[in-house]
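First to last, the protein sequences are chains X and U.
Quick note: to get the numbering used here, add 1215 to the position in the first sequence (first position is 1).
Quick note: to get the numbering used here, add 21 to the position in the second sequence (first position is 1).
None of these hints come from the bench; they were simulated from the model.
Be aware that a few hints might be false.
[As the list claims (entries may be wrong)] Below 30 Å or equal to it, Euclidean Cα-Cα: the simulated DSBU-like pairs (lysine-lysine) are: (1) X/Lys-1257 with U/Lys-297; (2) U/Lys-297 with U/Lys-321; (3) X/Lys-1255 with U/Lys-452; (4) X/Lys-1517 with U/Lys-448; (5) X/Lys-1415 with X/Lys-1257; (6) U/Lys-297 with X/Lys-1255.
[Unchecked claim] For the chain U half of the interface with chain X, some residues (derived, Cβ under 7 Å), not all of them: (7) Phe-124; (8) Gly-131; (9) Ala-430; (10) Val-440; (11) Pro-459.
Ideal Cβ placement from N, Cα and C applies to all residues, glycine included.
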Amino acid sequence: MLYVVIAFLWVSLYLYLILGGADFGVGVLEIFTGKKHIQKVKRTTYRSIGPIWEANHMWLIIAIVILFVGFPTIYSTISIYLHIPLVLMLLGVIARGTAFTFRHYDAIDDDWQIVYNRIFQISSLITPFFLGLIAASTVSRSINLHNTDFLSAYVYSWWNPFGISVGVFTVAISAYLASIYIIGEAESSEFMRYLTRRAKVYFFVVLLSGIAVFITAHFADIPLFNWIFGQTIGQIAVVLATLSIIVLFWAFTKEKSTIMRICVAFQTFMILVAATYNHFPDLILLANEESLSLFDHQGSEKTIEALAWALLLGSVFILPFLFYLLYSFHRKNT
Amino acid sequence: MDDFIAARSQMALSLGFHIIFACVGMVMPIFMAISHYKYLKTGDELYKGLTKAWSKGVAILFATGAVSGTMLSFELGLLWPGFMKHAGPIFGMPFSLEGTAFFIEAIALGFFLYGWNRFNKWFHWATGVLVGISGLASGILVVAANAWMNSPSGFDYHDGVYSNIDPIKAMLNDAWFSQALHMVLAAFVATGFAVAGVHALMILKNKNIEFHRRAFFIAATCACIAALLQPISGDISAKDVAKRQPIKLAAMEAHFHTEPYSPFIIGGIVDEENQKVDYAIKLPGVLSFLVHGDFETPVKGLNEFPKENLPPIAITHYAFQIMISLGMLLCLISLTYFIAIWKKNSWLSSPWFLKLFVFAIPLGYIALEAGWVVTEVGRQPWIIYEIMRTKDAVTPMPGIVYSFYIFTAVFISLSLIVVFLLYRQMKMVGKLYDPTDPHFKHNVKH
Chain X
1216 MLYVVIAFLW VSLYLYLILG GADFGVGVLE IFTGKKHIQK VKRTTYRSIG
1266 PIWEANHMWL IIAIVILFVG FPTIYSTISI YLHIPLVLML LGVIARGTAF
1316 TFRHYDAIDD DWQIVYNRIF QISSLITPFF LGLIAASTVS RSINLHNTDF
1366 LSAYVYSWWN PFGISVGVFT VAISAYLASI YIIGEAESSE FMRYLTRRAK
1416 VYFFVVLLSG IAVFITAHFA DIPLFNWIFG QTIGQIAVVL ATLSIIVLFW
1466 AFTKEKSTIM RICVAFQTFM ILVAATYNHF PDLILLANEE SLSLFDHQGS
1516 EKTIEALAWA LLLGSVFILP FLFYLLYSFH RKNT
Chain U
22 MDDFIAARSQ MALSLGFHII FACVGMVMPI FMAISHYKYL KTGDELYKGL
72 TKAWSKGVAI LFATGAVSGT MLSFELGLLW PGFMKHAGPI FGMPFSLEGT
122 AFFIEAIALG FFLYGWNRFN KWFHWATGVL VGISGLASGI LVVAANAWMN
172 SPSGFDYHDG VYSNIDPIKA MLNDAWFSQA LHMVLAAFVA TGFAVAGVHA
222 LMILKNKNIE FHRRAFFIAA TCACIAALLQ PISGDISAKD VAKRQPIKLA
272 AMEAHFHTEP YSPFIIGGIV DEENQKVDYA IKLPGVLSFL VHGDFETPVK
322 GLNEFPKENL PPIAITHYAF QIMISLGMLL CLISLTYFIA IWKKNSWLSS
372 PWFLKLFVFA IPLGYIALEA GWVVTEVGRQ PWIIYEIMRT KDAVTPMPGI
422 VYSFYIFTAV FISLSLIVVF LLYRQMKMVG KLYDPTDPHF KHNVKH
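Chain U with its partners taken away, still in its complex shape (with noise of 0.2 Å):
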């Protein structure tokens, strides 16, 4: 492996691990704000007990992610030093602001955790709330810098001379607010599933059944309505790559030639060779649709493009078709659950409605982290869209490939600790946070 394919995936690496314990930071504090809101109008013991067991693994997730995050803030330097020389200042807005919404997020999460029985109850729940508000804040800010480097803007480039600089125009760039509305919506689905289903096991399981009965409402609930608005934003999003950036949705599609009723490739195998994809299906017209409102209007395909300038087309590829699969069946799975509460009662209880939430504990995630394959394989060789190349920013430092592999080392690790730390937590669910449940013992450290 060489040095810049290894900082590429250190990069990936960290990303993709952090990004994990971002959406936990976002999206657990308002189930948890959801709960507590409950406890505190229905004194139902019950809900304190969840938005407790809730805390917990959220602490244990927030610092991971947050040690993490530190990471990544020295790992753009670290990597991609050249990048950063000169981005640091027009991108760097969204960071400045991001650094205040994680302040306040830590300092209300002190607040939040260690705060039960201390302050006011109204004030302690509206920490809780701040630390999900704030968490928000912190995913859309950083998503508005990753969405600058997809369509840069703020600064005029002439001759690799950056002026004029505007790091605001810089921020509010074309693209935040689709990526950012994705990506929050991602995150609800992604976190809300793997909650539910956690739950929904327990619940098979025959253990503390009222109380996991009560997490899994709350959690399949907004997961599932964050499951059927993602198409619509998926939609918004695809439309504006169209327009922006026309290559990496040819690369989604690997719709390799323009032609009139261009076709929706479904799954395949990309032969980029001779330029086709091999036992796929092919909606004639329909990508023409989706882009362009009509069934005729071609969509430039790949061979239009300098080669030089194409990401890789298979991993983009088949990471779109990952995700737009998982992200269709999650709508199913979806749907069923609406049914379930309006019409079919009996469903909610019986087991194979709640193995099919079983099943799902990880598509949400699996979907996440494709989508951002898609978005960051489908941007190469660009760092900086049609502004500078990858591989000219990478760090000059030789050996990175030995630091790819100890971080590779530590991320699995961590990973295994936390999943086994979780797997505690749920293990003592009776006896620490069910008041019902005749093992548990009141006024332990927990």
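One chain only, chain X, in its complex shape (with noise of 0.2 Å):
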């Protein structure tokens, strides 16, 4: 039943990185749309999350809510030393659901609008930052649970140059989950051309991002580069997600927008698998070679039962029903 609970976690931060992060990247490609452009971007953007996006953000609920219930020592070390990424992400959850929501429901369209889209594209750009530097900080050895002093433990756990390099490639993984997602729900033909520019403009970003986190990690002494490509997980990881990226160029100049979709997801995926994978089961490596697993900290026996129950349980309510969610809002069937 353990690994029942586990899988679920990590699906649910799968998820969340996928829905949760491309609901983020849309707020990011408004930062980056010229004037010319903005009006279309928001009005697809709108029409393909509007629907969805508190559903895609309930997977960090999911993730949390295992981790308090399933893995209580791990959530509590995350709470006490990440406190203020944490909530600084909060603080950007907040601002952009709300602002995001508000900007459409505002009976009356006037100068309020600015507000409101100034509110939205910012908190897009600031809740995946924090988002990757949490994750980042949970491999990164960088909380110490002996430090005292305020800012070797509350600050230097997760303020330094590999957590910020994450963090910006989080962003620029959610805009470029964005940019091919909304490729689908394009009005014309000549916009989702113009969306293709963008997308690739943005796998580019992602890229220089990317090894900006391997030279992050090289002077951290963080050997990131070891466990991707020092074992066979890895190394068929990174093989097929650069065959997923020809597939995703061919998908660019056949204009299928699934494929791309797809494609993109799938990279994620192989991503976070290369970056769970090696250290797995531990979640958390702290400073002097101290870690949290996850077969050490979990809760009681009965608990993780009860917990992989509720879990079993509460998918089969709410996937089909998601699924036909997602179905129906679809631009094809609108």
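Assembling the complex is the task here: the two chains are given apart, and the hints tell you how they should meet.
This is the structure in structure tokens:
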């Protein structure tokens, strides 16, 4: 049953990364879209994520609930040492969700729209940045349980070049996911070609920021290169991801939006596999060669069992309903 | 302000803020479903407009509730890691089920808001009902988790070690039923009166009268039924608290001394130092009667308990007084409402009657917040009743004060914007939602 719970945790994180990521990404796209296309982008965005954004963010809640019910020590450790970036991320979540809703549901269309837009865009940028930063801190061995002074315990636990580069990388992935996602929702083929050009740009941004992650990891003595290329699973992941890039560029020329989506979802999948597989079952790598393992820090057996059943039962209700939602509001069905 | 008080204040503020939106999410979908049903049955376009108008309000409030709820699931750990480390696996069951319920609510809301003219009309209606059902389920489950903090069960505790954990037993603890019942009714009372009052105000202003009248009746009827049932549920709760948490009950009543014919104390100024309540109305024997069913049996007073286990007495007492007096007032308004419906139809359109409901707009929510103050402050100094003290659960990170200031600013600005948006929605009723209005525009964005 423990494996069921861990699988749900992993899948929730993955789904949050792609669905939530695409969701944040549309805000990032808005920032980097010129005046000429902004209205079209906003319209397409709204149509494609309006009905589903709240559901997209549920995956984060599912992951966090799994963590605090199933692995409470891990949850409380993160909560203590990553308090500040978690608060900043939460402020982003609050600002973003409300601004997105407010700008659509304000009954009067006036200058307030500018305020909502600004808040929506800025928070779309900072939220994935801090999510990435938090994720980086769980593997960078920067959390030190023996530190007590404020800066080293609560600030340097997350504020370092590696964390920042992963934050930027996460923002880039979000924008990349979003740019591919909305291609399939484009109203005209001319607009579709415009979005495809943008998607290619974001692809290279992801690539560059990915290289930056490797460089900062190298200087922080994080054996990231070794984790990914030093073992079979990692190598396979890299090869498959590379192949999917070729398929993606083929799909760009053929304007096959579903294949594009599958490709990016797959690439993100491979990134997460490569990033987590190596140190499984350790979820958090701490300073002084300590770590928090999912095996050593699980809740009682009965709790894990009940949690697994709740998750399985929940998915029976949720998944078909969710798929029907995503399907119903797809462009071709509207 | 020290960090411990800041952490408690931040938690209180976040919960107090979230609960308003959570209640709206539980109750408004039911109102919408009633109005939607009437539209589908009668074809009355006003009901269709009303359903749509309400759904816009719900979308705004639901989003605010969703993000503040997301924040709370993190905040439990951010502020109380010592608590979550031990409590998570024990009382986490309702949260994992709540995750499912809330997920379904979010999906169903997507269907409902964006599903006009897209699906079979009864499927569309059912998704709206599902929003309400899953909202209610979420609320009940979260209250069950809170009830566990008042009535911890489903584990053995010995020398700081929690063993023999049974999460199902923890979820079905002794307090969950009385608390959940009281909460659900409170949600209907608070939201119902707030909504009815706003529509009463619009009728008074002579705007889109037929539209607002329909809205008023749906909201007022639900609110008034709930308000009349609430004292029964309150009595169940009080008896339950008396049995499980006698200190809390004594604090609610500022009842210091154990004595036969224990009095029911109304109002007054609490003097914790000298253990007395000045200027209060005391009804001898009534407290004994409410707790034990006879007027003589004494009710345990606060001075029977060790001082370090007492909650802040004045706050608990005042909050309790506010809750019950507003509850009684709303009962009276409800009685007036039903008299008007059955006997005196002319009252329904008279200004004094409508003004009564306008006056009642905030009362339900004030009573609800006061009720939560009673539950939460009355449980202090414990975070898990008689197991873990709140001060032992707080985060070791210093500087929580600043986080408290930031979130206070965030919540105040969000509240202001939400009120502003709802005001703008109300202003546009004629143009957007009332098809009988001369300014009504067909086929606009909304």
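> Among all the numbered hints in the text so far, which are the ones the structure does not match?
Replying inline: 1, 4, 6, 9, 10, 11
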